[in-house]
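A.B. asks: Residues per chain are reported as follows:
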Amino acid sequence: MSEEVVIKTNKLTKRFGDFVAVDEITFDVHKGEIFGFLGANGAGKTTAMRMLCGLSTPTSGEATVAGFDVFKEPEEIKKNIGYMSQKFSLYEDLSVLENIEFYGGIYGLTNKEIKEKSTELTEKLGLQNEAKKLVRSLPLGWKQKLSFLVAIVHQPKIVFLDEPTGGVDPYMRREFWDLIYDAADKGITIFVTTHYLDEAEYCNRVTIMVDGKIEALDSPGGLREKFGVATIDEVFYKLAREAKRSAD
Amino acid sequence: MSAITLEHITKTYNKGTIVAVDDVSFSIEKGEIFGLIGPDGAGKSTIFRLLTTLLLPDKGTANVGGFDVVKDFKAIRGILGYMPGKFSLYQDLTVEENLEFFATVFDTTIEQNYDLIKDIYVQLEPFKDRRAGKLSGGMKQKLALCCALIHKPEILFLDEPTTGVDVVSRREFWDMLKRYKQQGITILVSTSYMDEATLCDRIGLILGGKMLSIASPADTIKAYAETLYAVKSKSMYKLLTDLRRFEGTANCYTFGEYLHLHIKCTETEVKKFLSDKGYDDLEFKVVTPTIEDCFIRLLKDKDERRSSN
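Protein sequence lines, in the order shown, are assigned to chains A and B. Using this note's numbering, the letters of the first sequence correspond one by one to residues 6 to 253. Using this note's numbering, the letters of the second sequence correspond one by one to residues 62 to 370.
Chain A extracted, bound-state conformation:
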């Protein structure tokens, strides 16, 4: 992790009518950092993430992602980030290879690069025998691992992961996190949300959002100490229990 800041927000806000989905959030994320973005269902995580990905224009405040302004340069942001979520990641009706080719093409890789990436990724995941099978037929954990590697196929500066391990078993979740560590080690910044709070411990720093606001931001150890509890579970519980709103 370096001192270089790759995400910077200042009082970033998103309103939908009277509803303040994200309420003046301010933070910095450093290059190569694994940044955990936690919060209860409906706290505003996905809305915040959509703004940072250039998919949703903020109502007010400031933010730059990979050096680009979220208001003025959303298209540049999209080229410099990767994104995956639990819900949408790969095309189920395309094969493993076709998905890699498709995303490689979208992100402007040359045919030669795509070919190299296809070999590299299938080998890394041990999916050589499944390369021509439809993604539909893969177990969830494999899909998610492939989806992650596809999201960083163009070597983005930052990758946004929205509940990437939802419903994945504890063994596969750890294999998934091995890939995250590896990518972070190579300098890719990881911005990740999760409901598995053991995974919060694997982050360099963690934020906890409650009702659109950032209520805590520190290293996992720092948070445990500050709240005088043994686990991040308890920190989360203390903060999120106070939440006023419970739906998006």
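Hints in this document: simulated from the structure, not taken from any laboratory. Check before you lean on any hint, since a few could be wrong.
[As the list claims (entries may be wrong)] List of simulated lysine to aspartate or glutamate pairs, DMTMM-like, C-alpha gap at most 25 Å:
id: 1; chain 1: B; residue 1: Lys346; chain 2: A; residue 2: Glu239
id: 2; chain 1: A; residue 1: Lys191; chain 2: A; residue 2: Glu125
id: 3; chain 1: B; residue 1: Lys299; chain 2: A; residue 2: Asp187
[Stated by the list, open to error] Partial selection, computed: residues in chain A whose CB lies under 7 Å from chain B:
id: 4; residue: Tyr176
id: 5; residue: Tyr186
id: 6; residue: His200
id: 7; residue: Asp203
id: 8; residue: Glu206
id: 9; residue: Tyr207
Using N, Cα and C, we set each Cβ at its ideal position, and we do this for glycine too.
Could you slot chain B onto chain A? The hints should help.
C.D. replies: Using the frame of chain A, we list chain B on its own:
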């Protein structure tokens, strides 16, 4: 009295080429919370579909509430509540319309069984005119539970009900399950959260369509015979990669703020290895395994068997 029994149940797909459930037998007592724990593709959802009479077994017999899953499927459908793994309510109906629909299908009314769902429904009520498809994850799950309960079922089938749900809502959800248990409702539940597994009366560990063990959470943990260590230092990723390269390591994986370590050498040897590597801030201690450790060990064993074949 058993609420659910399976005897030698086998289910295959693709003309017998994929064995989803392989000769599985077990029973669940009335009023029990039974957790089905296993990785993706282990056969959990197939068991749910067999018991809810949505699939026919290839071989074996199964009973739910005293009824045969093949012959008496209609009777079973009247006494069970089912929350499938995938959100299956009508996205274009509102919260209230969905609930009314399910009540009507089961020939009852919301008022008649309101007591059972009251605690959950009060949280949904402010959104009762919202379409189900527009609800947040936690709210969808609450609505699905209401719909599964509205006809006062004897047996609840919950296939990963808390996936994508935050820790506060998950705790509330399990508090609710305990109350249903007290009212005599039997619950079969699957989950990928191991903290929830410990809240079950008994858990069945399932892998590759086979049931590997059935025991209470405490007994499942007792069956983990080896010493398990927790290790911690400032640079956790380096520690993890170093320990994984060490030949005395049987398994090493992240576990919250610690690494969990299972060794095939002596404690002295591993400590020497680490001090040779220059770790001077090391925390190294013996810990009691959790269900999650048991689960990981099971899968690790399977992986090793597969790669040695």
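A.B. asks: Determine for every hint whether it applies to the structure shown.
C.D. replies: Cross-check of the supplied hints:
1. B:Lys346 x A:Glu239: Holds, because 23 Å separates the two Cα atoms, which is no more than 25 Å.
2. A:Lys191 x A:Glu125: 16 Å, holds
3. B:Lys299 x A:Asp187: Roughly 11 Å separates the two Cα atoms, so the pair holds.
4. Tyr176: 4 Å, holds
5. Tyr186: Status holds, d = 5 Å.
6. His200: It holds, given that the least Cβ distance between His200 (chain A) and chain B is near 5 Å, below 7 Å.
7. Asp203: Interface hint status for Asp203 (chain A): holds (5 Å vs cutoff 7 Å).
8. Glu206: Because about 4 Å separates Glu206 (chain A) from the closest Cβ in chain B, which is inside the 7 Å limit, the hint holds.
9. Tyr207: 6 Å, holds
In the structure shown, no violation is registered for any of the earlier numbered hints.
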